[in-house]
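2 protein chains.
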Amino acid sequence: MTIENLSSNKSFGGWHKQYSHYSKTLNCSMRFAIYLPPQASNGKKVPALYWLSGLTCTDENFMQKAGAHRMAAELGVAIIAPDTSPRGDDVADDEGYDLGKGAGFYVNATEAPWSKHYRMYDYVLNELPALIEDMFPVSDQRSISGHSMGGHGALVLALRNPERFQSVSAFSPISNPVNCPWGKKAFGAYLGKDTASWAEYDASLLMQKASKFVPALVDQGEADNFLTEQLKPEMLEAAAKQSGYPLELNRHEGYDHSYYFIASFIEEHLRFHAKYLNS
Amino acid sequence: MTIENLSSNKSFGGWHKQYSHYSKTLNCSMRFAIYLPPQASNGKKVPALYWLSGLTCTDENFMQKAGAHRMAAELGVAIIAPDTSPRGDDVADDEGYDLGKGAGFYVNATEAPWSKHYRMYDYVLNELPALIEDMFPVSDQRSISGHSMGGHGALVLALRNPERFQSVSAFSPISNPVNCPWGKKAFGAYLGKDTASWAEYDASLLMQKASKFVPALVDQGEADNFLTEQLKPEMLEAAAKQSGYPLELNRHEGYDHSYYFIASFIEEHLRFHAKYLNS
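Residue numbers (UniProt numbering), protein chains in the order written: chain A, 1 to 279; chain B, 1 to 279.
Honestly, the hints are just simulated from the structure, not real lab data. Since the structure is predicted, the reported quantities are computational estimates derived from the model, not experimental observations.
Below, simulated SDA-like cross-link-like pairs (lysine to any residue); rule was C-alpha separation at most 25 Å, straight line:
1) 241/B to 275/B
2) 101/A to 193/A
3) 65/B to 73/A
4) 65/A to 38/B
5) 17/B to 60/A
6) 17/A to 64/B
7) 45/A to 253/B
Kindly produce the complete structure, drawing on both the sequences and the hints.
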């Protein structure tokens with residue numbers, strides 16, 4: 001495994017670094033960012049929070065805008081932020097911001113032309129953690145979080161793989177993608193017209209039938225422009241009620257879909273994950 | 001005075017807002033951002049920290065990347081971030097990133113074609129605070145801070161107007177612009193070849209002869225690429241020694257010129273200013 005270091009910035013006593021590597025899962029070169037807290041310099045492995053970003057984002061948005069390094073440094077947690085899709089000139093794309101590059105939706109595409117590269121589900125679940133745990137002082141104690149499309153990805157990955165994650169959280173997740181315009185467009189392209197396969201990538205449908213529980217925290221702004229048409233947190237709440245899933249879902253008056261909302265509550269999310277990661 | 005609200009985001013219980021207005025000082029339309037902490041909603045006026053950004057920046061960089069809202073909300077301080085130069089199609093510009101738009105250097109230009117719009121010194125000192133204190137629940141208790149070119153601007157404004165600012169701080173300021181490539185290029189264009197007028201915009205030369213002291217805090221990363229050629233904090237230190245100026249200048253091993261450095265130490269700067277603003 002070879003990885004190339006692209007940048008390094010000291011931050012809160014730890015290090016923010018960007019790397020590129022060739023992904024066998026995605027058949028292309030990929031970039032990711034990692035924040036290593038000061039505790040990772042002591043020869044000890046630190047636990048990891050994987051962060052999945054939303055539509056149009058790269059590895060940079062969360063690292064630059066969430067203000068998360070401060071608490072990660074205090075709690076001794078690494079943060080890993082992958083890109084949001086495969087990248088490169090030969091990777092299929094779409095004119096819309098909500099399909100193709102920057103919009104991988106954390107699924108394994110089965111339909112042409114997407115299936116050649118768009119396998120973000122496998123990349124985030126398997127290849128990326130294996131690389132991180134091989135190359136960095138990061139343990140296999142993993143939690144996962146994300147925003148919007150990335151909140152959907154985090155919930156789906158944790159709900160389908162409860163043995164792999166200690167905890168999951170999301171900001172403003174696309175909670176019921178089979179039932180909203182963003183999800184229908186992306187799943188229709190990546191997974192095809194037969195909607196039966198879509199259920200495995202829908203957090204509300206997965207939570208409804210869940211029997212193994214991963215501690216889950218969701219925060220949602222009530223002034224979010226996408227709340228009623230795209231995000232539908234009420235579907236996740238109803239699903240949790242049905243299966244008895246211990247979901248903590250908080251609504252916040254006045255907050256929108258931006259990183260200002262994430263920054264305002266990222267401390268609570270990091271403290272939530274650290275509770276389970278350090279146990 | 002009319003101002004137009006361009007955006008509003010709730011952040012840490014307060015509000016981040018962007019506005020545009022016509023500036024008589026700069027003869028063009030300008031954008032600025034303001035963070036109003038929760039305390040500003042109680043009918044009481046809050047004190048203000050004016051933040052001046054560095055080369056190529058707008059009002060957005062600091063607000064999005066510094067993670068400053070958290071402490072501003074805790075301490076009850078408003079933050080005002082102007083743009084870094086006049087803007088618009090009829091505003092003179094240069095091909096370089098270090099002259100013209102995005103590079104106003106917080107001076108009043110005297111040379112054509114710059115003198116028509118480039119009067120950022122007057123804008124930040126007079127027009128902007130007058131507008132802020134007229135239109136928002138913000139008092140005339142003012143502190144000022146900035147990064148790089150903005151650190152230069154903050155120091156110069158406070159050193160020349162000690163009665164107007166309670167405290168000043170800077171990250172990685174251009175400390176002796178008459179003596180570095182960025183400063184020589186900008187001052188040569190804006191102020192002309194006669195270097196006598198340059199001294200009024202040089203923090204080290206001003207500090208050297210200062211007799212009225214504003215509490216001053218400067219932080220500098222030792223892994224900053226611009227440290228020796230452009231920033232020269234040692235000149236500021238020598239000037240402070242000469243005049244007995246109570247300058248606190250801290251060097252930090254491993255930190256670079258990026259916003260990750262600012263984010264790492266912005267809490268200390270806000271606490272520093274709050275000490276003087278709230279007294």
